[in-house]
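2 protein chains.
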Amino acid sequence: MSILIKSVLLNGKEVDVFIQGSIIKKIGKNLGIDRSSTHIISGKDKAIFPSFFNVHTHAAMTLLRGYADDMELHTWLNDYIWPFERKLTPEDVYWGTKLACLEMIKTGTTFFCDMYWHVDAIAHAVDEMGMRAALSSAYVDFEDPKKGDLFKKKNKKFFDSLPNVDKSRIKFIMGPHAIYTVSRDSLIWIRDFAKERKLYINIHLAETKKERDDCLKIRGLTPVRYLEEIGFLSNKCICAHVIWVDEQEMDILKQREVNIAHVPASNMKLCSGSFKFDKVLKKGLLIGLGTDGCASNNNLDMLEEMKIAALRAKMGSNDPTCAKSKDIFKCATQNGARMFQINGGEIKEGMVADCILVDLNHPQMIPHHNLISNLVYSANGDCVVTTICNGKILMQDRRVKGEEEIIKKNKAIAASILKRM
Amino acid sequence: MSILIKSVLLNGKEVDVFIQGSIIKKIGKNLGIDRSSTHIISGKDKAIFPSFFNVHTHAAMTLLRGYADDMELHTWLNDYIWPFERKLTPEDVYWGTKLACLEMIKTGTTFFCDMYWHVDAIAHAVDEMGMRAALSSAYVDFEDPKKGDLFKKKNKKFFDSLPNVDKSRIKFIMGPHAIYTVSRDSLIWIRDFAKERKLYINIHLAETKKERDDCLKIRGLTPVRYLEEIGFLSNKCICAHVIWVDEQEMDILKQREVNIAHVPASNMKLCSGSFKFDKVLKKGLLIGLGTDGCASNNNLDMLEEMKIAALRAKMGSNDPTCAKSKDIFKCATQNGARMFQINGGEIKEGMVADCILVDLNHPQMIPHHNLISNLVYSANGDCVVTTICNGKILMQDRRVKGEEEIIKKNKAIAASILKRM
Chain A
7 MSILIKSVLL NGKEVDVFIQ GSIIKKIGKN LGIDRSSTHI ISGKDKAIFP
57 SFFNVHTHAA MTLLRGYADD MELHTWLNDY IWPFERKLTP EDVYWGTKLA
107 CLEMIKTGTT FFCDMYWHVD AIAHAVDEMG MRAALSSAYV DFEDPKKGDL
157 FKKKNKKFFD SLPNVDKSRI KFIMGPHAIY TVSRDSLIWI RDFAKERKLY
207 INIHLAETKK ERDDCLKIRG LTPVRYLEEI GFLSNKCICA HVIWVDEQEM
257 DILKQREVNI AHVPASNMKL CSGSFKFDKV LKKGLLIGLG TDGCASNNNL
307 DMLEEMKIAA LRAKMGSNDP TCAKSKDIFK CATQNGARMF QINGGEIKEG
357 MVADCILVDL NHPQMIPHHN LISNLVYSAN GDCVVTTICN GKILMQDRRV
407 KGEEEIIKKN KAIAASILKR M
Chain B
7 MSILIKSVLL NGKEVDVFIQ GSIIKKIGKN LGIDRSSTHI ISGKDKAIFP
57 SFFNVHTHAA MTLLRGYADD MELHTWLNDY IWPFERKLTP EDVYWGTKLA
107 CLEMIKTGTT FFCDMYWHVD AIAHAVDEMG MRAALSSAYV DFEDPKKGDL
157 FKKKNKKFFD SLPNVDKSRI KFIMGPHAIY TVSRDSLIWI RDFAKERKLY
207 INIHLAETKK ERDDCLKIRG LTPVRYLEEI GFLSNKCICA HVIWVDEQEM
257 DILKQREVNI AHVPASNMKL CSGSFKFDKV LKKGLLIGLG TDGCASNNNL
307 DMLEEMKIAA LRAKMGSNDP TCAKSKDIFK CATQNGARMF QINGGEIKEG
357 MVADCILVDL NHPQMIPHHN LISNLVYSAN GDCVVTTICN GKILMQDRRV
407 KGEEEIIKKN KAIAASILKR M
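Sequences listed follow chains A and B, in order. Here the working numbering is used: the first residue of the first sequence is 7, the next is one more, and so on. Here the working numbering is used: the first residue of the second sequence is 7, the next is one more, and so on.
Every clue listed holds true.
Straight-line alpha carbon distances no greater than 25 Å define the calculated SDA-like cross-link-like pairs of lysine to any residue that follow:
#1 A:K285 to B:C277
#2 A:K93 to A:T81
#3 B:K12 to B:E352
#4 A:K216 to A:S189
#5 B:K330 to A:T81
#6 B:K153 to B:D126
#7 A:K330 to B:Y86
#8 A:K415 to B:L15
#9 B:K330 to A:A74
Computed spacing ranges between beta-carbons, pair by pair:
#10 A:K223 to B:I236: 48 to 58 Å
#11 A:N36 to B:N324: 51 to 61 Å
#12 B:N324 to A:D85: 18 to 28 Å
#13 A:N367 to B:K354: 33 to 43 Å
#14 B:K260 to A:L222: 39 to 49 Å
#15 B:G356 to A:W88: 43 to 53 Å
#16 B:P89 to A:R203: 51 to 61 Å
#17 B:Y186 to A:T327: 15 to 25 Å
#18 B:Q347 to A:H45: 54 to 64 Å
#19 A:D252 to B:N367: 46 to 56 Å
Covered by chain B, according to a simulated footprint, are these stretches of chain A (three or more residues, beta-carbon under 8 Å):
#20 99–113
#21 303–315
#22 318–327
#23 363–377
These aren't lab readings, by the way, just hints derived from the structure by calculation. All C-beta atoms, glycine included, are put in the ideal place defined by N, C-alpha and C.
Just need the whole structure built from these sequences, with the hints factored in.
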């Protein structure tokens, strides 16, 4: 079944958008199509935009939303997050991921890059929800060679026999957690394994001052220079945070064409430090936007994240003219697509049909001086009325298939985990 | 007509809430009431909270939403905001305020403190929308004695014959814009006039470094000390921003029981500086939360403002344990009520019936580990399903009376203003 979005606003003009298979086939005025095999959506009082690419999250952490806030990092991790996570079964993670997908679809996101455990369960959740994703399993050996060997074996086995899901939407990637939780030996193994299998690598990098200070003490190098020294960095790396870096490290990252996942809300909530948005952008690095997990945000709404990113960047550089709404919107859409080599993130003929319709009559979208500004600074996720991914309608008129069951299940699971503790 | 909210969640317990006239009359289990004269609302899958008090905004600036962003302050004001505002008629301001009220009602706010022009038109808009407000007309004489005399006369005339609106909901207050736009002579007149008439005073204070530096140069005193010197400060003052103040100035403000309107999104967007939330809170000053106008935010959603306030405060003090969700929630509700001596901001018997029902099945409210945390860090304004002010239902099931006309009018007016320029 094809889709025709009739008379929808695109870049200030009213057009028809015709989607065939997974692709935006044709954009124009009064398109003539075979109505018998086409699902028609009215674009009246709606604008079409690319959907969002959330390039860093831990989706199943929806189950921890509101469980632990306003705490010092170590108390938060040791006394709350980790004990809770130790109780999570694959079934819990499956439903937690479904809740995350539901929230993302309802707020206009169709792609996310994930790092968590029980990736098999995650993959099936994403597959059923119809989203696009890059999924990694957290690789954490804590410098223990035995654990390192175990993770190598597990990863090899996993990539030799991937879950039976739609590979056109779901990529599997490597997930070394960070330089302080993964040994040098494992990082080198991951580097080679990823190269051999042509895999992306998802890693947290230079998130806290402690990470930088400890790395300098132990390795005699900063985190970026340490990864450069072992030849780890490439255009297949998606590095989250990248806060504690100097100019020269930015140059190294640029030279290696490393991709940056900027997660401003989480950085502010955990007091991680100040991401130098303006400088990193001027260096020409590719910046995508991510929400991080729900324990440190606490939602997955990319519209809210865009606003926080813009405000944070302006404040950080003390320059209200930086981080313009169009730059931030690009980070949240086409940059995310580009870093995963997905031919999307824009509404153009030939691109994948990953798009949203936004309600132009939502009070927060009125008036219509500048719709991109309205999306970045004023709208929230509920302004999205229709979400399409890979040419399939995942939400129409704010209804997502199966949402009641997902809500019910997650309420029950969250309560049951507390009882298990 | 009384209202009974049946089986609604309040502080973790399911109760009935009975509203009679403008007051929360009774809270308890299975309340017996006269059903013939009572409107019953189901509280199933909903929680009740106090509605929000937006203590600093310029409501009609909804008309400028998205008109000018990402600019240096002077370009923004001189080339965009002021030329646009000069074209605004009372009719425009009336409709712009209605749009603001619509947005606020839809995001759970029932009170706002305003400063703008054409207060007569504003008052009628608020009266018709059923909200509570404290309205001030911007007093700006630019050190010109002739203008000062004009403003004095206009204010006297205005307060001698107030608009014919519901005074139980709408207060009229004084609105000296700032120390750099109002002469010393006018400030002293306002001080005395407000004292004589028992009026609140709404003023921008210590917003930018330039304001502080200029005041030091011209008056030999910082802005707070200048106002202290002329005996201006009292518990009737609502001071917005209050960023560029030292410890001793905080002590002066505390001693005079001055009320603070904190507007974090606007401060970040315009790079005004860092409000010292933690220190001001510890001094025991009353902090309310405001959105500022839509040209510098660009919405009026207090749920989003709470999150930005919490993240900004944590980052500013480099302490993730400060600005806890319950403190921020208090700023957005009962502190706002307290500073305007409104017996509200909490769900308690005897308080005014200003409250909201929140959808507990909204994905961003799941799971229910901590509902206050969910409101502050995860929810957006669209999670509010019902808004009640002064015992009247302003929104039920997300429907507000007359919203289509407000949207239509504002689209037309915004477009027509551009043509007039």
